[in-house]
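Reminder that position 450 of the sequence shown reads as 450 in the UniProt record's numbering, one-by-one numbering, no gaps.
Bear in mind the hints are in silico, worked out from the structure with no lab data behind them.
Check the hints yourself; a few may be wrong.
[Claimed, not checked] Now the in silico label distances, taken between C-beta atoms and shown as ranges: (1) G122 / N46: 14 to 24 Å; (2) I173 / N120: 36 to 46 Å; (3) A218 / R413: 17 to 27 Å; (4) A218 / L119: 20 to 30 Å; (5) N46 / P146: 26 to 36 Å; (6) P442 / A243: 23 to 33 Å; (7) T447 / E336: 46 to 56 Å; (8) G17 / T124: 49 to 59 Å; (9) L119 / A142: 19 to 29 Å.
Everything numeric in this text was worked out from a predicted model, so none of it was measured.
Glycine residues also receive a C-beta, built at the ideal position from the N, C-alpha and C atoms.
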Amino acid sequence: MTFSNERLAILYGSQTGNAQDLAERIWRESKRFYFKAVLRALDEYNVLDLVNEKCVIFICSTTGQGEEPDNMKTFWKFLLRKSLPRGVLSNLRVAVFGLGDSSYTKFNFAAKRLYKRLLNLGATAIVELGLGDDQHDLGYDAAADPWMANVWKELLLLYPLPSGVQPLPKDYIFRPRWKVSATALDVDVNRQNSIYYCVKTGNEFDSTVLENKRLTDASHFQDVRLIRFNTDGKHYNPGDILALRPKNLQWIVDEFMDVLSSNGVDIPPDSVFTLQQNDPDVPIPDVLRYKVTFSQLCLEYFDLLSIPRRQTFQVLAQLTDSELEKEKCLEFTTAEGQEELFSYVNRPRRNIVEVLRDFPNATKNLTTDVLFEILPPIKPREFSIASSFKLSPNEIHILVAVVRFKTKLAKERVGLCSNFLADLKKHDRASVWINKGSFKFPSDLDTPVIMVGPGTGVATFRSYILERISEGTATKDNLILFYGCRYRNMDFLCGQDFEELAEAHKMTFVTAFSREQYEKVYVQHKIIEHKEIVWKALQKKAYVYVAGNSKNMPQSVREAFTEVCIDIGGMTKEKAVHFMDIMDKTGRYQTECWS
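Construct all of the structure, not just a fragment, from the sequences and the given hints.
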């Protein structure tokens with residue numbers, strides 16, 4: 001009789017898909033220890049069942065200003081009910097891992113709150129709270145790997161395997177999540193619309209491109225676009241987000257098809273895929289419940305430019321009949337092999353198609369079932385809206401920095417979404433929807449607003465400023481924008497518009513052109529240079545908003561505001577730091593940054 005361990009629920013709250021990826025990896029790993037694992041998004045799980053669970057692993061990301069992901073909001077709202085008795089979860093053992101970005105003040109805030117609330121309700125922690133950081137070279141894996149190893153260690157102490165039963169080896173033959181059949185041409189397949197046509201979200205709609213304009217000089221290394229979409233009057237507010245579904249460009253689809261065919265994997269582009277569950281606890285995504293062709297999947301579903309994770313190499317190790325390939329793949333799955341894995345895939349940004357070409361003896365054994373295990377789905381992307389509904393009620397504008405760069409690999413690296421957008425022509429269509437943004441602007445329009453937005457971080461502030469212009473409430477004292485770029489004549493995004501508004505006393509506009517002098521000058525330097533203006537606004541209970549790249553800028557900007565409090569406000573360092581913390585807690589200092 002086959003041994004089966006205890007039930008283990010693996011629940012995730014994921015905004016961009018990373019927390020879901022990790023939860024799925026943990027679900028696969030649980031099979032090595034014979035657990036009856038259930039995998040669900042938190043809002044797909046019946047929260048009332050929590051009192052009957054013995055053990056739950058929670059994987060949770062943080063979004064916006066320390067908020068929970070959209071697919072755990074209902075679960076979290078229930079958990080916060082004051083009527084819940086303190087010991088209601090006293091029979092539950094939990095492990096919580098958070099995915100966050102340490103450039104944010106409220107780093108992993110959602111996971112920290114979830115962990116604290118579970119313990120308040122009586123749950124017992126299997127291990128300490130784990131916190132993954134997107135700023136680490138190895139991403140959240142750097143913290144997730146040792147944390148997960150500790151979880152399995154503790155779980156096996158709680159639920160030991162019987163005598164004679166050993167954990168399955170790391171290269172055990174896994175069972176794919178779904179059984180996939182590919183058949184000949186089927187006239188019932190919808191080829192006229194996107195594969196997402198039948199599963200669109202409630203506010204998703206097709207939008208037409210009105211204009212796709214390059215803002216940076218043609219000789220500048222960075223191509224930044226202002227793209228205008230028609231929205232037919234869909235309402236939005238300053239700070240809101242435009243989400244969209246990108247597609248693979250045809251050249252990467254062709255390259256993927258070539259890798260398959262050159263290795264003897266014959267999957268005709270017109271073959272129709274049908275999926276069935278292999279495991280009742282791992283549902284099929286809605287979009288894959290309908291018949292789709294292989295070419296549709298390659299264009300719209302599989303992320304062919306994704307950077308493979310260690311799980312990919314665990315699968316390839318099982319497929320290959322080459323001892324050399326197997327040895328290398330298994331090395332990439334070990335804790336000791338992570339630096340080499342980073343050097344092979346992360347540092348040069350080697351994508352999954354290139355990896356498949358490098359491991360031909362594994363690639364030749366690919367099956368349709370396995371494709372869904374090594375090719376992650378394309379995730380929706382989000383962009384801050386850069387326009388005002390009141391000024392342009394039928395349009396949404398976004399700023400897009402097109403990702404193209406060189407590594408040691410011969411071929412230029414490109415970003416999937418930004419290049420998809422850069423390729424759009426006038427009258428092309430894209431599937432989009434509007435999400436509520438994380439920035440919360442003050443309701444009192446006399447309250448000063450200080451905005452710090454280098455590069456494309458200025459997008460959301462363009463929206464807010466234009467909205468205030470349309471309302472007739474914009475003045476140089478209540479709208480203060482610090483903007484940074486490299487050169488006035490190269491990448492001064494929307495700069496002329498802001499300068500004209502400043503000349504009309506509708507705003508205060510301070511620029512930092514970092515490369516126009518010997519010593520680099522950034523927005524943080526300009527904040528200190530204009531400290532009198534900044535302190536005057538802070539004394540009037542100003543709100544501060546920071547948006548842009550998350551590498552060093554957010555911390556440097558915060559330190560600049562702290563220095564203003566010391567130099568002009570006469571505070572000690574300790575009081576200035578406390579002052580900034582109070583601004584955080586009261587919502588008067590908000591950040592929205594990305595890597």
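Each hint tested on the structure:
1. G122 / N46: 14 to 24 Å: Between G122 and N46, where Cβ atoms are some 19 Å apart, the hint holds.
2. I173 / N120: 36 to 46 Å: 42 Å, holds
3. A218 / R413: 17 to 27 Å: The hinted range 17 to 27 Å holds for A218 and R413, with Cβ atoms some 21 Å apart.
4. A218 / L119: 20 to 30 Å: 57 Å, violated
5. N46 / P146: 26 to 36 Å: 32 Å, holds
6. P442 / A243: 23 to 33 Å: 26 Å, holds
7. T447 / E336: 46 to 56 Å: 54 Å, holds
8. G17 / T124: 49 to 59 Å: Hint violated: Cβ distance 30 Å, outside 49 to 59 Å.
9. L119 / A142: 19 to 29 Å: 25 Å, holds
When each numbered hint is compared with the structure, violations occur for hints 4 and 8.
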